[in-house]
Each structure stands twice: as C-alpha cells, then as structure tokens.
Amino acid sequence: MLETVIFFFLAGLAVAAGVAILLSTSIVRMAYWLITMLVAVGGLYFLMGADFVGVIQILVYVGGVAVLLVFGVMLTSRQLAPKLRPGRGEVLWLAIVGFVLLEALTLSVLHTRWQQNAMAPGNSVGEIGRNLLGEFLGPFELVSVLLLVAMLGAAYLARPKVPTQGPQHTKGTMVS
Amino acid sequence: MMGLTPYLILSAILLVLGLAIVISKRNAIAMLIGVEFILNAAALNLVAFSRHGIGGLSGQTAALFVIVLAAAEAVVALAIFLNFYHTIATVDIDQGDQLKG
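So the protein lines, in turn, are chains A and B. Under my numbering, the first residue of the first sequence carries the number 1, and numbering increases by one thereafter. Under my numbering, the first residue of the second sequence carries the number 1, and numbering increases by one thereafter.
Chain B with its partners taken away, still in its complex shape:
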C-alpha cells in the first residue's frame, strides 16, 4: 500500500521539469508543452490527495476542472501562436518584441 508522499514528490519533479522547459525553450509550442507539464503535476496532486488524503472525491472533481482549463488554454495559446507565426513568420518568442514601449 503506497502512501501520499511518492505521488507528491513525483508531482514536484514534474512541476520543476515543466518550469525548466518553459524557461529554457525558445519555441513557443515547446513552452506550451512545459505548461502542460505544470498543469498535469497540479492535477496529479489533486487526485493523490483525493485518494490518500482527506476530502473525498472533491480532488478528482477539481482535477477535471484542471484538465478542462488546460484544454481551453492550449486552444487559445495555439491560436495566438498561429497569429504570431503569420505576423512575423517564426515561433521564436524572442522575436516577438514589437509591443515593447
């Protein structure tokens, strides 16, 4: 019988990996992949608390909300990146500095 701790540590590792991907990649779509990592770490945390902690099935319900929000975020972000690509013909986020004041 496994406890809560391995899931929480795995979630922390996934969170740090996602953060590292978001920081280190220059490609906008790769940053989106990192965001998916972070959101999955959060959802894994919620489901682990629902299974091994207290709170019952509220954690699983909240994990469903996390998944829905991640899907909506991916859709809007990809639409923005497509616009970005049509405007300056690259997905390198360092090139997107036209709005600087």
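In isolation and in its complexed conformation, chain A is listed as follows:
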C-alpha cells in the first residue's frame, strides 16, 4: 500500500515536471524541472530495489548532467534566447502525434501478457559488478572507449578559438 502511494507521488512528480517543461518558456526553469524529474526517477529506482542504479542516477544525472546543462544555459542565453513558443499548427501536429503514440504504447502495454517474475530486492551491487565484467564485458569496454572519445571530442569542440598566428605575432611586434 505504501509502495503504491510512493509510486504515484513520484510518477506524478515526473509527469508534472514534463508538462511544466512543455509549457514553460524560461530555460532556467526547464533545467529546474529536469532536475525534479531526474530525482523522481531516481526515487523510483530506489522503490524498485535498484539501489545502485538509483545512486548512479543521482550522482551522474543530478550531479553531472544537470549542472552541465545549467552551465550551458548560462553560457549561451544572455538576452538572445529565442522565444520558445511553437506555432499553432505545430502544436496541433504535436498533439496528434503525441496522442497517437501514447495510445499505441499504452494499449500495447495493457494488452500484452507480461511474463512476470518478481525478483526479491536485495544486495544488487556485487551481482551488477559480476555482470559488468562477465556477460556485459564487451559493452563495458566499448563504453569506456566511448567515454574517452566523448571527453576528447568535447574538449576539442569547446576549446577557445585562437587565431593561428594572431596573438604571439602581435605581441612580438609590440615588444620590438
């Protein structure tokens, strides 16, 4: 019973955050609602007994990605932030597409006989570690390479653009 109450509270929080982002025009408030959704989904992970995934969700998302997004907001939108209102026709198409997709997904979920086998929540960290170095070893190594590539690529893309022979040359002439 308590599980149901907590589930509906967290699920309502996540959905409300999504609707608030959809209706909002301020990018900073969107970032705030994104953090709300991430914390709610992390709470759902804890509710499902996936404590390690919940901790990683809070650490990586709320501690990393959300802060990164806020920095992106501050670095890009001074007063040039575009108005975020879509046109009327776009809203109509969006409502149609969203409604049809939601109906299709919900009906397919409700009409499928899922093979349910509730697993007892327990200490999952050791088993996840054995999974990472056993069955998922190939994806694990791929992800490590991907993180390296993403780090190098982001550092390359975001570096300040210095002219190839600008500052040193002028400084040299000024000294002489």
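Hints are computed from structural coordinates only; laboratory data are not their basis. Hints are not guaranteed to be accurate.
As the list claims (entries may be wrong) - When the alpha-carbon atoms are kept at most 25 Å apart in a straight line, the in silico SDA-like pairs for lysine to any residue are as follows: (1) A:K161 / B:A72; (2) A:K161 / A:M74; (3) A:K161 / B:A79; (4) A:K161 / B:I88; (5) A:K161 / A:L148.
Claimed, not checked - Output of the computed footprint for chain A on chain B, the stretches with three or more beta carbons under 8 Å from beta carbons of chain A: (6) 3-9; (7) 14-24; (8) 29-41; (9) 51-64; (10) 78-91.
Said to hold, decoys possible - One side only, chain B facing chain A, incomplete, derived with CB under 7 Å: (11) V47; (12) I67; (13) V68; (14) V75.
We put the beta carbon where it would ideally sit given N, CA and C, even for glycine.
Following the hints, put chain B in place on chain A, whose structure we already have.
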C-alpha cells in the same frame, strides 16, 4: 505489491513528453532536456523489467549503460551547442541552416 504495468505506462508517458519537448522547443538546450527525458524513460523501462519481469539483473546493468551514454551525449551536444552559439550568436536551431545544400 505493484506489478510491471504501472512502470511501463509511466515510461510511455515520459517518452511521449520527451518527444513533445524535442519537437516543440526551438532552443537547442531545451531539446537536450527532451532527449534526457527519452533516455530516462528507456532506463526506467529496463529497471522495471529487471525488477518485475524476467532477466534478473541484466536490466539494471543495461540501465547503467543508458545513463553513461546519456552523460556522454549531453557533454558532446553541449560542446556542439557552444560552438553553434559562438558561430551565429544564438541557440535557435532554426537559424542553423548554413549547411543546407
């Protein structure tokens, strides 16, 4: 004891919300927020299958991969948007049409 279905329906709702955000927003960073919604819906699905379906802890492991990929994607996308902003001084994605053939 809750079953699998509420989590799957919540995941579907989050997916549709994320898709709507990606489609409707013009700000590039807002689109990135929508992508985060979609990825969270996928990870929630995986963890729900791991808890209530079959497959054991493979779902949680895959959810970890989803989180890592989302972080890498956010980093690279933000770097690209910063470059975009330095080039044409806006994050309005409708202005980024210089590459059209």
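Status of each hint after checking the structure:
no., hint, verdict
1, A:K161 / B:A72, "23 Å, holds"
2, A:K161 / A:M74, "19 Å, holds"
3, A:K161 / B:A79, "13 Å, holds"
4, A:K161 / B:I88, "14 Å, holds"
5, A:K161 / A:L148, "22 Å, holds"
6, 3-9, "holds (count 7)"
7, 14-24, "holds (count 10)"
8, 29-41, "holds (count 8)"
9, 51-64, "holds (count 12)"
10, 78-91, "holds (count 11)"
11, V47, "5 Å, holds"
12, I67, "5 Å, holds"
13, V68, "5 Å, holds"
14, V75, "5 Å, holds"
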